[in-house]
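2 protein chains.
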Amino acid sequence: MGPTLGELGERGFIAELRRAVPHGNLMGDDSAVIPPLACPVVTTDSFFEGRHFHRWWAPPEVLGRRLLEATVSDLAAMGAEPAWLLAAVSLEPSMELDWLLAFYRGLASRRGTVIAGGETVRGPGFGLTLTAIGEGTEPGTLLRRSALRPGDRLWTGGPVGRSLDAPKYLEECGGLTGKDLDPVRDAVTAERLEQLRAFLTPSAQVELGQRLREEGVECAIDISDGLFSEARHLGEESGLDVVLKIDGSVFLPSVRERPLEAAAAGEDFLLLFGADEGRDFRDMGCLPVGRAEEGGTGMLTVILNGTEVPVRTIGYDHMEVD
Amino acid sequence: MGPTLGELGERGFIAELRRAVPHGNLMGDDSAVIPPLACPVVTTDSFFEGRHFHRWWAPPEVLGRRLLEATVSDLAAMGAEPAWLLAAVSLEPSMELDWLLAFYRGLASRRGTVIAGGETVRGPGFGLTLTAIGEGTEPGTLLRRSALRPGDRLWTGGPVGRSLDAPKYLEECGGLTGKDLDPVRDAVTAERLEQLRAFLTPSAQVELGQRLREEGVECAIDISDGLFSEARHLGEESGLDVVLKIDGSVFLPSVRERPLEAAAAGEDFLLLFGADEGRDFRDMGCLPVGRAEEGGTGMLTVILNGTEVPVRTIGYDHMEVD
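Residue numbers (the working numbering), protein chains in the order written: chain A, 1 to 322; chain B, 1 to 322.
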């Protein structure tokens, strides 16, 4: 067991961090100078332990990488390429250096994305805010939420539902551990284990976003707040109605019995995009999930296995009272 | 009394925010597209209620502006011009909309700085991380911590000490309120009231940083962690020893009796810079505080009123155990 942050002090920790994360201008100057970008695209995301993740879920490098990918997913959704990451981390003195260095290695694990600057403070528990700065190449060609057109078909970047009840399943099996992300206790089915591995190791769809942009697609979002919620967002921002036509094939095997819950659960970090009716994206691993219609009210209709169903829960509201 | 966030929901809050903060691409797309910058300079800062500020300290617009200035101060210290601000805010459902909109108006109050993107989550209490993106114009001419040279005289951007015991004085007088920032209870002297007003309404020294840069100054830092701590930083990063020669004239009137504590208290958001011995910056409101010497050990010597004094506390360590 290595030293804790309280034993090392802030300066000692930062010195260790500079050694452990070699690519990064980590707190050398007051600010970090980065090379100019032709079309900067920026996004920021906050995560707090206990609410957005738990330390016992997985090894620290896996957790760091997961939060990185969640943040980068917002750049992917616009077709931008991630370049720089700023990490503002709130720490507790009791935290262990070795754990944190591995966590930072996870934050710095994406090729092409460099950590710059950063901030460490002692806060109310462990949490972090990541700001990702990306390159969008040509301003006019970025993917937008508001660019859906009547008749567009809607697609997801892959099967949905990795987060449905994932925290509960992780609790039952004691978290995933080791290189192969095996459960601590043998208390999950093979299907759920697959889901948990997908939940803990998402990969932001950066290449898909860029390829869509290059192929003339104009409208996308990432479904981090749930398929239903984000489909409604597209409709609202574009002034159209959206009809989702889904069945079990849209979902991971472990959640197929509960599609409405899975589609509302969020944290999938897949793209949801709209494109001309004639286009087909199945060879890129994408799945058709519905279409956009003239409207203007931003109404969402969900047809499940051929039958229209009422959708009560339409996504995660950060401000909902428990 | 207006609605609370719990009553409004996240979507309702964001809609209100978009109306209240007109200059800002607030959560329209997954990320915000910003115009290209020739020399981007970036920094990030976290603030948590209860640790870094209290809501009862001052009106919400004053608090928001204070956190903005604290963040922008890191750009000022490099001679960069603030352009974009990203706010990641952790909220509680019980918070009132009107209070928060005024707080955001404070965050958006600096001319030339536009709020872009952003994030709201429900977190462990009220807190925020601000990421500021600025323009540095010419990469080679930015102010650096490591650019101090032997023989350089050290200057502060003004009198030091606004934060010494400020939270305690605010508690005694119940916080400052109204347009003139008057104490709620009449329990502070005129000198302390001046100090508290300075503490709550700092202004990042952006113009000073740019002017120094234009005049060929190469070395600066902001003294947000205290004069002693930051002077030592300059020495360490530049491989020099630093001798601070100070007396009461370097401090605000209310803290002149306790210069060692005031110089360690931090949160001053003034620049500390080094320049050729022959230069004089008094006409810009700056005060000479010492000089840099050949060394290499990054040693800090403090001479107070002509006598060398031992310096035990050398600044705020975020990881110090209470």
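Hints are computed from structural coordinates only; laboratory data are not their basis. Treat each hint with caution, since some may be false.
Not everything, but these chain A residues come out facing chain B in the computed CB check (under 7 Å) [to be verified]: (1) Glu-171; (2) Gly-174; (3) Thr-177.
Simulated restraints, written as ranges between beta carbons of each label pair [unchecked claim]: (4) A:Thr-189 <-> B:Pro-35: 29 to 39 Å; (5) A:Asp-182 <-> B:Gly-174: 33 to 43 Å; (6) A:Glu-215 <-> B:Arg-197: 50 to 60 Å; (7) B:Arg-197 <-> A:Gly-50: 32 to 42 Å.
Remember, it's a predicted structure, so these values are computed and weren't measured experimentally. Think of the CB as a built atom: it goes at the ideal place given N, C-alpha and C, for glycine as much as any other residue.
For each hint, the structure was consulted:
| no. | hint | verdict |
| --- | --- | --- |
| 1 | Glu-171 | violated (20 Å) |
| 2 | Gly-174 | violated (24 Å) |
| 3 | Thr-177 | violated (26 Å) |
| 4 | A:Thr-189 <-> B:Pro-35: 29 to 39 Å | violated (51 Å) |
| 5 | A:Asp-182 <-> B:Gly-174: 33 to 43 Å | violated (57 Å) |
| 6 | A:Glu-215 <-> B:Arg-197: 50 to 60 Å | holds (58 Å) |
| 7 | B:Arg-197 <-> A:Gly-50: 32 to 42 Å | holds (38 Å) |
Hint check: violations occur at hints 1, 2, 3, 4, 5; the rest are consistent with the structure.
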